[in-house]
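Q: Our numbering applies: residue 24 is where the sequence shown begins, and numbers increase by one.
Calculated from the structure, these hints are not laboratory results. Some hints here could point you the wrong way.
As the list claims (entries may be wrong) - Simulated pairs of lysine to any residue, SDA-like, Cα-Cα distance not exceeding 20 Å:
| hint | residue 1 | residue 2 |
| --- | --- | --- |
| 1 | Lys120 | Phe304 |
| 2 | Lys134 | Thr99 |
| 3 | Lys27 | Glu340 |
| 4 | Lys134 | Thr145 |
| 5 | Lys201 | Thr162 |
| 6 | Lys201 | Ser246 |
| 7 | Lys45 | Asn56 |
| 8 | Lys120 | Tyr164 |
| 9 | Lys337 | Met210 |
| 10 | Lys49 | Ile293 |
| 11 | Lys27 | Gly122 |
| 12 | Lys288 | Thr182 |
| 13 | Lys201 | Tyr247 |
| 14 | Lys134 | Asp316 |
| 15 | Lys271 | Pro259 |
| 16 | Lys288 | Asp324 |
| 17 | Lys201 | Phe215 |
| 18 | Lys337 | Ala48 |
| 19 | Lys45 | Leu75 |
| 20 | Lys27 | Lys337 |
| 21 | Lys271 | Ser253 |
| 22 | Lys288 | Pro171 |
| 23 | Lys343 | Leu302 |
| 24 | Lys27 | Pro303 |
| 25 | Lys27 | Arg113 |
| 26 | Lys288 | Arg269 |
| 27 | Lys343 | Ser123 |
| 28 | Lys134 | His181 |
| 29 | Lys337 | Met209 |
Stated by the list, open to error - Cβ pair distances, simulated, as ranges:
| hint | residue 1 | residue 2 | range |
| --- | --- | --- | --- |
| 30 | Met289 | Ala74 | 33 to 39 Å |
| 31 | Ile317 | Leu204 | 36 to 42 Å |
| 32 | Leu204 | Thr51 | 30 to 36 Å |
| 33 | Asn186 | Arg139 | 20 to 26 Å |
| 34 | Ser253 | Gly141 | 44 to 50 Å |
| 35 | Gly270 | Ile293 | 18 to 24 Å |
| 36 | Ile293 | Lys344 | 25 to 31 Å |
| 37 | Asn80 | Met289 | 36 to 42 Å |
| 38 | Ser163 | Gly90 | 33 to 39 Å |
| 39 | Pro143 | Pro303 | 22 to 28 Å |
| 40 | Lys185 | Ile293 | 28 to 34 Å |
As the structure is a computational prediction, the values presented were derived from the model and not from experiment. For glycine and all other residues, C-beta sits at the position ideal for the given N, C-alpha and C.
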Amino acid sequence: MKTKVLLTLGDPNSISPEVCVKSLAKLTPEQLNRFTVIGESSSIELYFPPALRGSVNFETIDPSASGIGFHLSPGTPDPAAGAMSFLFLRRAVELLKSGSASYLVTAPVSKSLIVRSGLPGTENFRGHTDYLAESFGITSYSMMFHSPDLKVILATIHTPLKNVPAELSADKIDNALKNALLYYYMMRETDFRIAVCGLNPHAGESGLLGGEDSEIIAPVVESYRALGYSIDGPLPADTVFFHAYRGKYDMVIAMYHDQGLAPFKMLHFIDGVNITLGLPFLRTSPDHGTAFDIAGQNIADESSMDKAIDFIFKADESWKKHGLR
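Given the sequences, and given the hints that come with them, work out the whole structure.
A: Right, dumping it as structure tokens:
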């Protein structure tokens, strides 16, 4: 039997159901049969045409069973919709733990609406990545942003900027590099070059503009270079993405969220993919948010969801070819 793929529909009042349907409609019947879509009935009935509804498997979550007064209203930010999106994700975790699936694609959710929903377990919700890692007891995981010509891994994820220097550590740099190598191993790629950003302007300017670059980042990079890996750093973040864009590097390790995502999204906002590395399954998602302002208008661009689904199939093919699945 083909390996199963779970797809959570995200916030039902956002563009998430729309981009899911548009992307699923492009798949072959065999590919569709591998999917189990986790959502709720009103958005499925609104967005999924009958032919598509009969081609995929569904896990529907009943809001009343959890005491949630949800009513579908595309374009309306609503904590009740946030609650539903959290329940979709929680059900996905249950199915993954049961061995029912090996892959997960998540449509966008609103972190703040999930927290405001007041559901048990949402108090400290900071996003899919952290929630999935915590659910599976994983501490060595990374958020990667993927495009054909540029990959970015974050050393710290959703850390407030003022806290980044205190949180940054040799272990976090090492974790990011280990997961970078894990990505290339699972994709069976051997010819790659990685750049590691500095934290401070000009990568610290030999300590004049901050010591983290020479004291924390550089020793970790040198330890990997000593093993023969093509890894450079710490490099000034204001120029490293230019060199990566021109083809000198295949992947960049960024020290904090916006350092990596501002340049990546400038280039790949439409077609970038968010991948979680280090989990016992592969998870991807589109590289965009909920876009409530255009929800329900049938104008959302599904390109990033296309790529998120396509990466699952490419990874599955690579793993099976090399006996990893």
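Q: Now tell me, hint by hint, if it's right for this structure.
A: Tested hints:
no.	hint	verdict
1	Lys120 <-> Phe304	holds (10 Å)
2	Lys134 <-> Thr99	holds (15 Å)
3	Lys27 <-> Glu340	holds (13 Å)
4	Lys134 <-> Thr145	holds (9 Å)
5	Lys201 <-> Thr162	holds (13 Å)
6	Lys201 <-> Ser246	holds (12 Å)
7	Lys45 <-> Asn56	holds (16 Å)
8	Lys120 <-> Tyr164	holds (17 Å)
9	Lys337 <-> Met210	holds (9 Å)
10	Lys49 <-> Ile293	holds (17 Å)
11	Lys27 <-> Gly122	holds (10 Å)
12	Lys288 <-> Thr182	holds (19 Å)
13	Lys201 <-> Tyr247	holds (10 Å)
14	Lys134 <-> Asp316	holds (17 Å)
15	Lys271 <-> Pro259	holds (15 Å)
16	Lys288 <-> Asp324	holds (15 Å)
17	Lys201 <-> Phe215	holds (14 Å)
18	Lys337 <-> Ala48	holds (18 Å)
19	Lys45 <-> Leu75	holds (10 Å)
20	Lys27 <-> Lys337	holds (14 Å)
21	Lys271 <-> Ser253	holds (11 Å)
22	Lys288 <-> Pro171	holds (14 Å)
23	Lys343 <-> Leu302	holds (18 Å)
24	Lys27 <-> Pro303	holds (14 Å)
25	Lys27 <-> Arg113	holds (17 Å)
26	Lys288 <-> Arg269	holds (16 Å)
27	Lys343 <-> Ser123	holds (18 Å)
28	Lys134 <-> His181	holds (12 Å)
29	Lys337 <-> Met209	holds (11 Å)
30	Met289 <-> Ala74: 33 to 39 Å	holds (38 Å)
31	Ile317 <-> Leu204: 36 to 42 Å	holds (39 Å)
32	Leu204 <-> Thr51: 30 to 36 Å	holds (33 Å)
33	Asn186 <-> Arg139: 20 to 26 Å	holds (23 Å)
34	Ser253 <-> Gly141: 44 to 50 Å	holds (49 Å)
35	Gly270 <-> Ile293: 18 to 24 Å	holds (21 Å)
36	Ile293 <-> Lys344: 25 to 31 Å	holds (29 Å)
37	Asn80 <-> Met289: 36 to 42 Å	holds (38 Å)
38	Ser163 <-> Gly90: 33 to 39 Å	holds (37 Å)
39	Pro143 <-> Pro303: 22 to 28 Å	holds (24 Å)
40	Lys185 <-> Ile293: 28 to 34 Å	holds (31 Å)
When each numbered hint is compared with the structure, no violation occurs for any of them.
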